[in-house]
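Participant: Sequence:
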Amino acid sequence: MPDHFVHDHALCESSDIGPRTRIWAFAHVLDGASIGADCNICDHAYVEFGVTLGDRVTVKNRVLLFEGVTVEDDVFLGPGVIFTNDIRPRAEVKKSGDALATTLVRRGATLGAGATVVCGHVVGTYAFVGAGAVVITDLAPHGLYVGNPAVRRGWVCLCGEKLDSDLCCACGKTYAAAGGDLEKAGLQRITTG
333 MPDHFVHDHA LCESSDIGPR TRIWAFAHVL DGASIGADCN ICDHAYVEFG
383 VTLGDRVTVK NRVLLFEGVT VEDDVFLGPG VIFTNDIRPR AEVKKSGDAL
433 ATTLVRRGAT LGAGATVVCG HVVGTYAFVG AGAVVITDLA PHGLYVGNPA
483 VRRGWVCLCG EKLDSDLCCA CGKTYAAAGG DLEKAGLQRI TTG
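When the count follows my numbering, it moves up by one through the sequence shown with no breaks and lands on 525 for the last residue.
Hints listed in this document are in silico derivations from the structure and should not be mistaken for laboratory results. Worth double-checking, as some hints may not be accurate.
[As the list claims (entries may be wrong)] List of simulated lysine-lysine pairs, DSBU-like, C-alpha gap at most 35 Å: (1) Lys392 / Lys494; (2) Lys426 / Lys516; (3) Lys427 / Lys392; (4) Lys392 / Lys505; (5) Lys505 / Lys516; (6) Lys426 / Lys392; (7) Lys516 / Lys427; (8) Lys494 / Lys505; (9) Lys392 / Lys516; (10) Lys516 / Lys494.
Work out the full structure, taking the sequences as your base and the hints as a guide.
Facilitator: Printed below as a string of structure tokens:
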């Protein structure tokens, strides 16, 4: 008996699926993909070989994850999120492995519906990407990013709420610069509410 669930209308070719993970109708997980424990892979999601998902990752409907994408624990990928893996694709030129650019989504990040992540970048821990945003640079931890191209419009708490100008959240958590360049280093939590 498998310790994960695959819907009768899903296609799961990978044997590297963590316990309690659910793969729903019409999702396709290729051989060579690695999916952690307690994940939820929704309808019509596509997870290519060479993709790694951590634990407790939510992959909503129609998310496309291609070779070279790594998603850490507790990440939310909204409906229709798209990741790329080739900065200069051509139909005549087939690339794989080291010829592709990698993308890393750090722990706790959220990518809103329809966001696109151009390959070769890091989405920082607990960063929040708004619906429809196009990510073309690295994103700082706890940054709130919107638009095309995605630009930072504030900071967000671990709970997902926008921080005030003093970097405090209504939930009681307080943050400070993580050090160095704030736009790159982002925030770190200094008190717990």
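Participant: Compare the structure with each hint and give your call.
Facilitator: Status of each hint after checking the structure:
{"no.": "1", "hint": "Lys392 / Lys494", "verdict": "holds (23 Å)"}
{"no.": "2", "hint": "Lys426 / Lys516", "verdict": "holds (33 Å)"}
{"no.": "3", "hint": "Lys427 / Lys392", "verdict": "holds (27 Å)"}
{"no.": "4", "hint": "Lys392 / Lys505", "verdict": "holds (28 Å)"}
{"no.": "5", "hint": "Lys505 / Lys516", "verdict": "holds (21 Å)"}
{"no.": "6", "hint": "Lys426 / Lys392", "verdict": "holds (28 Å)"}
{"no.": "7", "hint": "Lys516 / Lys427", "verdict": "holds (30 Å)"}
{"no.": "8", "hint": "Lys494 / Lys505", "verdict": "holds (11 Å)"}
{"no.": "9", "hint": "Lys392 / Lys516", "verdict": "holds (28 Å)"}
{"no.": "10", "hint": "Lys516 / Lys494", "verdict": "holds (18 Å)"}
Consistency with the previously given hints is maintained throughout, with no hint failing.
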